[in-house]
Amino acid sequence: MPEKKHIAVIGAGAAGMEAAGQLARSGYLVTLLEKDGQTGGHVKDWYHLFPDRRDSKEVIEYLKKQAGHKNVTLRTGITVQRLEKNNGSFAIKTSGDGEIKSDAIIVATGFDLFRSERKEEYGYGIYDNIITSADLETLFRKNEIRRHNGEIPRKVGFIHCVGSRDEKVGNVYCSKLCCITAVKQAMEVKKHIPDARVFCFYMDMRMGGAMYEELYKESQEKYGINYIRGKLSEVSENIENKLVVKVEDTLAGRPLKMELDMLVLMAGMEMSKSGLDLARSSGLQTGENRFFAPADHHFGSNKSKTDGVFYAGACTAPMNITDTISHARAAAADVIDYFRNQES
Amino acid sequence: MQQDGKKRIWSDYQKEIADDHFFYVRSCIRQSFFPGSEQFFLHFMRDILGKDVYENPSHTTCTGIGYHGDVVPLATIMTVVARHFALMKESGYKNIAISCVTSFGIYTEIIETWKHFPEELEKTREYLYKATGREFDVPENMAHTSDIIYKFRNEIAEKAKYKLINKETGEPLNVVEHIGCHYSKMFPKYGVGGAEFPNVLGGMIDSWGGKVIDYPERRHCCGFGFRQYLVQANRGYSLSNTVKKFESMKPFKPDFVLTNCPGCNMFMDKWQYTMKEMEGTVYGENGESIPILTYEELAGLVLGINPWDLGLQFHMVQSEPLLKKIGIEYDPDNKFKTKDGRQMPVPQNLINA
Amino acid sequence: MEKFGFSILKARHINYDSNDKSIAEYISEREPSFRICIECGCCTATCTTGNFTRFSLRELQILLKRGENESVREVINKCMLCGKCTLACPRGVNTRNVILLAREAFQKRLKNAV
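As they're listed, the protein sequences go chains H, P and R. So the first sequence is residues 1 to 344, counted in the working numbering. So the second sequence is residues 1001 to 1353, counted in the working numbering. So the third sequence is residues 2001 to 2114, counted in the working numbering.
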């Protein structure tokens, strides 16, 4: 029986855990490396997932089972510093002891959320009662949505496209999921605070996934969410500590001014810093949007330009959990294909 | 409000401000309407700090008002500015201290244009040489005089005779700071603190004991605009913008407004008279209007200089209520007397008098 | 009062908080499909009235939702009630009923019902 092939998977978020699990179940040995203390990436921080609003804990359980296969060796607290290819196999230098050897690599370094302080005019970190979508998920879990002074907010605004589709911060691309997340979170705010009035300030409503448009309709019909088409230009605080927003109501053709109790910024997705460091140290190509550039957009989206190094998940482009898991499975299939081609 | 967020932004937008050897260029409006300001600046820099500040007698207006009013074309103003730089070179100075925010905007705009379009720089060299026979270098350091006062704000705080504290209540004064649009909105990197939360005036107020007010229309333009007010019928447009700012700051009960731009200072001062005449509105407490000060006037007051030497009596809105709040001593009889004691005619429609 | 040859302009913002949205709420309670409009403009495109006079049902709906009732009060009577808009709407908004309810609400002179 030929010696078992070994694959290193870098990043134990949704993509990494799924890819590791799929490869393990096909009989390969996998080392799953994670720089943080625990697995689960960003998924573990979310509350309920669109489109059906199931608890993210169920997805985490599934992923843990995948990654818990006996063929997978998990090592946390390890940062991968460099990948080197020698004679068809790989040497992975990490922050831990020794070098890890493998026959193939899947890079699943995921994404970082856009740091909303960079959008100075939105006052994140300056004015009270401005939070990001990620902050709100934490508040949902705690079941406590409160203003800075402890009051329950009665008027909540959601700002789409924070850090995405924005020349000024250097991210021209669309982060794909923020619109549906805003719809979902708007509905959840209404569930937590039934008499709240919720407003979403959008440039476009990008409802491109399965059941997204239906959720949008439900949010209008059953939850009475108000949608105002106009990008927020600036936020300020008035003497009553309420947030004053200035938008143009483009569909009415006039500027609009409104006071809100709380503002939620839909922070976009950016290439992770750890992924960028790895790209630089190991000669992996990134695109203009700073995510990893695939070998081919149509039939090579999991392949890098280096044979044997594959990509899985949001390190290639913003994607939701469904697509991330599918992308990870495709990466695993590519690895198996790669080994098969080597033998023949 | 969390000050840490603002501090982080201020540390992102730091600016190189020269230390000494300044070529000083005056402001058309400020030297006419607020003469005490520029006088104080020179006195402070030369006599108190012992710095070298030079003025060239052949200096002219930067023609910014004409340029923004569509009367002076771009090529002309670039040549005029190049001539200023030539005067600098001939006098042996590399650091320019600019008194007017519009000039500051003009200089930065032209220098950036030359950076991105070197052919324009070459053309300007040609125009200037043909017209005057002069040659020029681009200055090494460009500072607005408010940047320089900001840089030496701690020295002023050390020598200060008064603090920006209400004598009766012991509370810091509420101060609205208003930055001219051309200071940092065009090129945030050229402004201390950037465009959204500029700190050049806020830093001064903090060092001298006051409290900076953040209000919803803080970033809003005062409406000066050149084009708008040159034609009488259009002035309503300018005025409406100043009204918007005052309406927004009124609930915060500011004790005074600090500005660094001549146009803003003039407008926010004079429009309060206009508003009072047109609609009877006043924006201060107890039927008073809000004094509008330049940063040099404020620095002078803090250092204990006679308010009448600073030219406060020539504002539309008189500053006596503010002087009383701080506890600054002044002689009401000397207000409209010349330096050698002769009585000048007393203006009639002063506000807060 | 004009004294110096110019006047002070009134801000043209929609002041959402102080506007009276009771007309929109009246319609919304009786015709729930009013809420699911996405402002695509399909109704306005096919509208008979809009051919020759300024009449945009899309615009009127949104003005009502923002509480700008005065801009709608007279204009909405121009509708010919032909029903083409209801046929065209991709969301399934019962536009004809929305118009009838709006006229009803205006007739009842609803004021700050909230």
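Treat the hints with care, since some could be wrong.
Below, in silico cross-link-like pairs of lysine-lysine (DSS-like), each with a Cα-Cα straight-line distance of 30 Å or less [to be verified]:
1) K246/H <-> K1270/P
2) K2021/R <-> K246/H
3) K273/H <-> K1335/P
4) K168/H <-> K1130/P
5) K1007/P <-> K273/H
6) K231/H <-> K1189/P
7) K1163/P <-> K1094/P
8) K2021/R <-> K217/H
9) K168/H <-> K1270/P
Label pairs and their in silico Cβ distance ranges [stated by the list, open to error]:
10) E2029/R <-> D204/H: 25 to 31 Å
11) A2088/R <-> N149/H: 44 to 50 Å
12) E2029/R <-> G68/H: 41 to 47 Å
13) R115/H <-> V1346/P: 57 to 63 Å
Computed footprint of chain R on chain H; a stretch qualifies when at least three of its residues, placed anywhere within it, have a C-beta under 8 Å from a C-beta of chain R [to be verified]:
14) 74-80
15) 119-132
Calculated directly from the structure, the hints in this document are not laboratory data. Built from N, CA and C at the ideal position, the CB exists for glycine as well.
Against the structure, the hints come out as follows:
| no. | hint | result |
| --- | --- | --- |
| 1 | K246/H <-> K1270/P | holds, 28 Å |
| 2 | K2021/R <-> K246/H | holds, 20 Å |
| 3 | K273/H <-> K1335/P | violated, 64 Å |
| 4 | K168/H <-> K1130/P | violated, 41 Å |
| 5 | K1007/P <-> K273/H | holds, 24 Å |
| 6 | K231/H <-> K1189/P | holds, 24 Å |
| 7 | K1163/P <-> K1094/P | violated, 35 Å |
| 8 | K2021/R <-> K217/H | holds, 21 Å |
| 9 | K168/H <-> K1270/P | violated, 37 Å |
| 10 | E2029/R <-> D204/H: 25 to 31 Å | holds, 30 Å |
| 11 | A2088/R <-> N149/H: 44 to 50 Å | holds, 48 Å |
| 12 | E2029/R <-> G68/H: 41 to 47 Å | violated, 53 Å |
| 13 | R115/H <-> V1346/P: 57 to 63 Å | holds, 59 Å |
| 14 | 74-80 | violated (count 0) |
| 15 | 119-132 | violated (count 0) |
Violated hints, listed in ascending order, are 3, 4, 7, 9, 12, 14, 15; each of the other numbered hints is respected by the structure.
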